[in-house]
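Enquirer: Next come the chains, spelled out residue by residue.
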Amino acid sequence: GIQVEQSPPDLILQEGANSTLRCNFSDSVNNLQWFHQNPWGQLINLFYIPSGTKQNGRLSATTVATERYSLLYISSSQTTDSGVYFCAVVWHGFQKLVFGTGTRLLVSP
Amino acid sequence: DSGVTQTPKHLITATGQRVTLRCSPRSGDLSVYWYQQSLDQGLQFLIQYYNGEERAKGNILERFSAQQFPDLHSELNLSSLELGDSALYFCASSVALGNSPLHFGNGTRLTVT
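From first to last, the protein sequence lines are chains A and B.
The numbering of the first sequence is this note's numbering, which starts it at 218 and goes up by one.
The numbering of the second sequence is this note's numbering, which starts it at 6 and goes up by one.
Derived from the structure by calculation, the hints contain no laboratory data.
Heads up, the beta-carbon is just placed ideally off N, CA and C, and yes, glycines get one too.
Hints may contain errors.
Quick list of in silico lysine to any residue cross-link-like pairs, SDA-like style, CA-CA up to 20 Å [claimed, not checked]:
#1 B/62 - B/105
#2 B/14 - B/93
#3 B/14 - B/43
#4 B/14 - A/259
#5 A/271 - A/253
#6 B/14 - A/257
#7 B/62 - A/309
#8 B/62 - A/220
#9 B/14 - A/258
#10 A/271 - B/105
#11 A/271 - B/106
#12 B/62 - B/82
#13 B/14 - A/255
#14 A/271 - A/293
#15 A/271 - B/104
#16 B/14 - B/114
#17 B/62 - A/311
#18 A/271 - A/235
Restraint ranges, calculated between C-beta atoms of paired labels, are given here [stated by the list, open to error]:
#19 A/268 - B/19: 47 to 55 Å
#20 B/118 - A/222: 29 to 37 Å
#21 A/226 - B/118: 25 to 33 Å
#22 B/76 - A/271: 28 to 36 Å
#23 A/227 - B/59: 31 to 39 Å
#24 B/65 - A/262: 20 to 28 Å
#25 A/224 - B/63: 23 to 31 Å
#26 A/275 - B/57: 36 to 44 Å
#27 B/33 - A/256: 24 to 32 Å
Start from the sequences, fold in the hints, and give me the full structure.
Expert: Laid out in structure tokens, this is it:
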């Protein structure tokens with residue numbers, strides 16, 4: 218099956234810092250999404266981005282499908298950004314969303 | 006708010022019991038997915054329905070079953086519960102298959118004692 222690897226596994230930032238999270242996948246995909254799981258367990262949909270670049274406030278994402286990776290940029294981080302960030306993909310010909318192992322982010326004041 | 010509603014939010018039950026988790030998809034979404042997230046684990050795909058029919062199956066135990074009803078809501082039934090079934094169970098919905106984003110509910114936290 219498809220492999221989805223995220224890096225780094227853990228990240229600690231001071232408030233106001235910028236960061237880049239990476240997602241590598243091993244095969245062609247139809248769908249790629251970034252999620253934020255907050256400390257209460259809620260899964261927040263950040264981006265639907267099978268290719269190209271999108272921005273939403275302090276967050277932006279870029280997917281280079283031909284090179285099989287996606288990046289999530291967080292600028293001017295805030296304590297509320299803490300949690301786990303998941304990348305998830307739908308493999309060509311399949312219908313289920315396969316999740317990466319996540320990046321655990323802690324933003325300290 | 007994703008528009009996907011899951012009930013109950015929390016469930017505490019004993020080993021050997023049976024529970025039913027409920028999911029109402031976003032208005033207009035035909036596809037429903039169930040995922041399990043155990044403590045400190047990633048999200049594992051269980052099963053998918055599209056317009057009432059089962060379309061894909063993941064690592065779902067035989068003790069677990071699901072269905073999608075004509076009004077498109079879905080239920081996940083967990084029976085003969087074991088301690089290891091304690092997890093966060095998520096439902097997600099999408100408009101179509103494969104090429105549309107999934108929207109997740111807030112999950113049902115199941116604790117088996």
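Enquirer: Hints first: check each against the structure and report whether it holds.
Expert: A quick look at each hint next to the structure:
Among the hinted pairs, residue 62 of chain B with residue 105 of chain B is consistent with the structure: their alpha-carbon atoms are about 19 Å apart, no more than 20 Å. For the hint pairing residue 14 of chain B with residue 93 of chain B, the CA-to-CA distance comes to about 10 Å; that is within 20 Å, so the pair holds. For the suggested pair residue 14 of chain B and residue 43 of chain B, the alpha carbons sit about 16 Å apart, so the restraint of at most 20 Å is met. Restraint check for residue 14 of chain B and residue 259 of chain A: the C-alpha separation of about 11 Å stays at or below 20 Å, so the hint holds.
Taking the CA atoms of residue 271 of chain A and residue 253 of chain A, the gap is near 16 Å; set against the 20 Å cutoff, the hint holds. Restraint check for residue 14 of chain B and residue 257 of chain A: the C-alpha separation of about 12 Å stays at or below 20 Å, so the hint holds. Simply put, residue 62 of chain B and residue 309 of chain A have alpha-carbon atoms about 16 Å apart, close enough for the 20 Å limit, and the pair holds. A distance of roughly 18 Å separates the Cα atoms of residue 62 of chain B and residue 220 of chain A; the hinted pair therefore holds under the 20 Å criterion.
This hinted pair checks out: residue 14 of chain B and residue 258 of chain A have alpha carbons roughly 11 Å apart, not beyond 20 Å. Taken as a hint, the residue 271 of chain A and residue 105 of chain B pair is honoured in the structure, with Cα atoms around 16 Å apart against an allowance of 20 Å. As the CA atoms of residue 271 of chain A and residue 106 of chain B are separated by approximately 15 Å, the hinted pair is consistent with the 20 Å bound. Of the pairs offered as hints, the one joining residue 62 of chain B and residue 82 of chain B holds, with about 15 Å between alpha carbons and a cut-off of 20 Å not exceeded.
Restraint check for residue 14 of chain B and residue 255 of chain A: satisfied, since their Cα atoms lie roughly 16 Å apart, inside the 20 Å limit. Proximity of residue 271 of chain A to residue 293 of chain A is assessed by CA-CA distance (about 17 Å); at most 20 Å being required, the pair is judged to hold. With a C-alpha separation of about 17 Å, the suggested pairing of residue 271 of chain A with residue 104 of chain B holds against the 20 Å cut-off. Distance hint between residue 14 of chain B and residue 114 of chain B is fulfilled; the C-alpha atoms sit about 6 Å from each other, no more than 20 Å.
Between residue 62 of chain B and residue 311 of chain A the CA atoms are separated by roughly 11 Å; this keeps the pair inside 20 Å, and the hint holds. Only pairs whose Cα atoms come within 20 Å are accepted, and residue 271 of chain A paired with residue 235 of chain A is accepted, the gap being roughly 17 Å. A beta carbon spacing of about 48 Å between residue 268 of chain A and residue 19 of chain B agrees with the range 47 to 55 Å that was offered as a hint. In this structure the hint that residue 118 of chain B and residue 222 of chain A lie 29 to 37 Å apart at CB holds, the actual value being about 36 Å.
For residue 226 of chain A and residue 118 of chain B, the hinted distance range of 25 to 33 Å is satisfied, since their beta carbons lie about 31 Å from each other. Restraint check, residue 76 of chain B to residue 271 of chain A: a C-beta distance of roughly 34 Å satisfies the suggested window 28 to 36 Å. The hinted window of 31 to 39 Å between residue 227 of chain A and residue 59 of chain B holds, with their beta carbons roughly 37 Å apart. In this structure the hint that residue 65 of chain B and residue 262 of chain A lie 20 to 28 Å apart at CB holds, the actual value being about 24 Å.
At about 25 Å, the beta-carbon gap between residue 224 of chain A and residue 63 of chain B stays in the expected band of 23 to 31 Å. In this structure the supplied range 36 to 44 Å holds for residue 275 of chain A paired with residue 57 of chain B, their Cβ-Cβ distance being about 41 Å. At about 31 Å, the CB distance of residue 33 of chain B to residue 256 of chain A agrees with the hint of 24 to 32 Å.
This entry satisfies every hint, going by the numbered hints stated previously.
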